[in-house]
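Residue numbers (our numbering), protein chains in the order written: chain Y, 785 to 1028; chain G, 785 to 1028; chain X, 785 to 1028.
The list that follows gives simulated cross-link-like pairs (lysine-lysine, DSSO-like), each with its CA atoms no further than 27 Å apart:
hint: 1; chain 1: Y; residue 1: Lys861; chain 2: G; residue 2: Lys928
hint: 2; chain 1: G; residue 1: Lys988; chain 2: Y; residue 2: Lys861
hint: 3; chain 1: Y; residue 1: Lys928; chain 2: X; residue 2: Lys988
hint: 4; chain 1: Y; residue 1: Lys864; chain 2: G; residue 2: Lys928
hint: 5; chain 1: X; residue 1: Lys928; chain 2: G; residue 2: Lys861
hint: 6; chain 1: X; residue 1: Lys959; chain 2: G; residue 2: Lys843
hint: 7; chain 1: Y; residue 1: Lys917; chain 2: Y; residue 2: Lys973
hint: 8; chain 1: Y; residue 1: Lys959; chain 2: X; residue 2: Lys861
hint: 9; chain 1: X; residue 1: Lys988; chain 2: G; residue 2: Lys861
hint: 10; chain 1: G; residue 1: Lys816; chain 2: G; residue 2: Lys843
hint: 11; chain 1: X; residue 1: Lys959; chain 2: G; residue 2: Lys871
hint: 12; chain 1: X; residue 1: Lys959; chain 2: G; residue 2: Lys861
hint: 13; chain 1: G; residue 1: Lys924; chain 2: Y; residue 2: Lys861
hint: 14; chain 1: Y; residue 1: Lys988; chain 2: X; residue 2: Lys861
hint: 15; chain 1: G; residue 1: Lys928; chain 2: Y; residue 2: Lys882
hint: 16; chain 1: G; residue 1: Lys787; chain 2: X; residue 2: Lys959
hint: 17; chain 1: Y; residue 1: Lys882; chain 2: G; residue 2: Lys959
hint: 18; chain 1: Y; residue 1: Lys861; chain 2: Y; residue 2: Lys988
hint: 19; chain 1: G; residue 1: Lys864; chain 2: X; residue 2: Lys928
hint: 20; chain 1: X; residue 1: Lys864; chain 2: Y; residue 2: Lys924
hint: 21; chain 1: G; residue 1: Lys959; chain 2: G; residue 2: Lys917
hint: 22; chain 1: Y; residue 1: Lys871; chain 2: G; residue 2: Lys928
hint: 23; chain 1: G; residue 1: Lys924; chain 2: G; residue 2: Lys971
hint: 24; chain 1: G; residue 1: Lys959; chain 2: Y; residue 2: Lys787
hint: 25; chain 1: X; residue 1: Lys959; chain 2: G; residue 2: Lys864
hint: 26; chain 1: G; residue 1: Lys988; chain 2: Y; residue 2: Lys864
hint: 27; chain 1: G; residue 1: Lys864; chain 2: X; residue 2: Lys924
hint: 28; chain 1: X; residue 1: Lys928; chain 2: G; residue 2: Lys882
hint: 29; chain 1: X; residue 1: Lys928; chain 2: X; residue 2: Lys864
hint: 30; chain 1: G; residue 1: Lys882; chain 2: X; residue 2: Lys924
hint: 31; chain 1: G; residue 1: Lys928; chain 2: Y; residue 2: Lys988
hint: 32; chain 1: G; residue 1: Lys988; chain 2: X; residue 2: Lys928
hint: 33; chain 1: G; residue 1: Lys959; chain 2: Y; residue 2: Lys861
hint: 34; chain 1: G; residue 1: Lys864; chain 2: X; residue 2: Lys988
hint: 35; chain 1: Y; residue 1: Lys959; chain 2: X; residue 2: Lys871
What follows is a list of derived Cβ distance ranges for each label pair:
hint: 36; chain 1: G; residue 1: Ser903; chain 2: Y; residue 2: Asn984; range: 53 to 59 Å
hint: 37; chain 1: Y; residue 1: Met785; chain 2: G; residue 2: Asp1003; range: 35 to 41 Å
hint: 38; chain 1: G; residue 1: Asp981; chain 2: X; residue 2: Glu815; range: 58 to 64 Å
The set of hints was computed from the structure by calculation and includes no laboratory data. This structure is a prediction, so every number in the text was calculated from the model and none was measured. Ideal Cβ placement from N, Cα and C applies to all residues, glycine included.
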Amino acid sequence: MFKATISDTRSWRNSIEAIAALIDEGTLQIEKDGLKLRAMDPSQIALVDLELPASAFDKYEVEEPTSIGIDFSELSKITKRSRAEDKIELSLEENRLKMVFMGETNRRFNLGIIESTSSPPREPSVDFTSEIKIGANILKEALKDAELISNHVAILANDGFSITAQGDTGSAEIKFPAENIMGLSVKEKSRSVFALDQLNNLLKASDQTSIIILKLKTDAPLRLEYAIGDGRVVYYLAPRIEST
Amino acid sequence: MFKATISDTRSWRNSIEAIAALIDEGTLQIEKDGLKLRAMDPSQIALVDLELPASAFDKYEVEEPTSIGIDFSELSKITKRSRAEDKIELSLEENRLKMVFMGETNRRFNLGIIESTSSPPREPSVDFTSEIKIGANILKEALKDAELISNHVAILANDGFSITAQGDTGSAEIKFPAENIMGLSVKEKSRSVFALDQLNNLLKASDQTSIIILKLKTDAPLRLEYAIGDGRVVYYLAPRIEST
Amino acid sequence: MFKATISDTRSWRNSIEAIAALIDEGTLQIEKDGLKLRAMDPSQIALVDLELPASAFDKYEVEEPTSIGIDFSELSKITKRSRAEDKIELSLEENRLKMVFMGETNRRFNLGIIESTSSPPREPSVDFTSEIKIGANILKEALKDAELISNHVAILANDGFSITAQGDTGSAEIKFPAENIMGLSVKEKSRSVFALDQLNNLLKASDQTSIIILKLKTDAPLRLEYAIGDGRVVYYLAPRIEST
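If we strip away everything but chain Y, and leave its shape as in the complex, we get:
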């Protein structure tokens, strides 16, 4: 038995979006203390770890923890149709995830549960050498700049934080002034190269007010985290090996 109600539809939408940005199908764990999902993207380059605690919901009841296979691309399309003023009721019934959007009209969506055998991957253990806190917006803008030049970027933390791109016709370097960084702690110079489209995916569920926490180590996976309402999402992204 699982029943939950949520009024913060934006967090619900963003949580689903955070998953759908990376994977089509995945296993949602319905635990006593909240919803969880950890999965690798099909290319095995990125990992998403989402937690939406029971406290994010107005009502949250789970009798027995369970895991259900979800087509997140379908679920994402449905949740995008919710409006800010809707209240959403979730429940599990006869192998279907039932959602009722209660607003101007009452809209009932049923989504079939799919089979899912995969067990959640382990969280990578990396001894990060630097950490950056920065607004989602300023980071997204920098990635748009870099996009003009190349489809991958180097992220560098040293005495400052910067993003660089190197292309056939030119190059770009975006330096974030200290006053625009919310936190920078560097044990040693850290620099890795990542695919731009993947980085953009990781930021999809963030909004104007999101604060992004980045952890870096040279040529190691990036850890990228931000809050979604009461919950939070953590991503790991494998670095691109530079050919020299």
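Given chain Y's structure and the hints, the job is docking chains G and X onto it.
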């Protein structure tokens, strides 16, 4: 001889759009009391019946009633270029429909009259068993919800009014609360299935303030009507036969 | 040595856009009194002549006049990423054009200089017979009207100024009332036909407030000029020969 002037350019645009949503070419009847058009769409699934009375015009002069063949897809492109502040002069000259948009600039468009031999189809006679009045907006939103699930929807009037969609991966049911329906009269339960893209076409010329009148009978054509300024459009849409 | 700083980023963007609208690659002349470019488009139908004087810049230093080959389609993408509040620093370093956008972040772009052997074409000498001054907006709207009918238009100056289009299905004539023309001087009736997409290109870098100066002569190239901040762009466009 036909000469007319209209200041309510929005009604003129919407009237043309109401026709162009369904047919490319058709026969416009220029009568003493107004403009009329009744035609089937090429697939013979839908019928449009439009009336724009003489009263919708500032000036309306017809010496002899006549019928002209019009390429409504071309006419629609031209009328879309009119602006709210324009006054539109219409006239028939040497086998051309002449339109002058008088505003900041004076824009004169001539559209060739095309041959047209089709006579208007008869209006279907259906003994409808229920009638619903509802805002265009709320109806359009429900169709967008249903679109996520399937490309056809069931419209049902019984003790309430609802729209349902059934797809491979899930289902949706949109219930309209009594306070959001402007009128509901049901002689007997009525339920039919229609193609979503066709339903969307029928609503193309409606706007925020349009009130839609739906008439239903189980497995019979739907009748859908709304006002366009002083005029009105009526559509009939054949139901989809459900395979069971 | 070339170093310049500009705060009027809109003029800089529009200047680059004015060139990129016509040519992909071209030779920018860096003179003591400002930047200049004169080039034909690849189809040899249009010529662009741009001048951005030193006065448009906050700082402008040139030791030795020089010419550099620029990929304007790349440069245009980069300059479009500048924001109104940015200050742009330009310099020439080791065969690269260096641009720094100083704003919320500091963004450094380097664009490789390309080889360029072409020398600037001569400005055509035409004994124009009429001149029209008109707002960019009203002209663009008229071209949009004409676009419905044909892909080329006749521009006519006589006792008034008008644009006409003739298509298979109809025709359009846009007359500009005297009060909407800022200047009209006609020595003799002038009428030429031009490709619409080319005309649209010439207006790309104009904005709401731009005043367009057109010079016409029957079946001769059109001269089209407007200011871009402290600078100005002049285009010549060859007429289309009408088949009769």
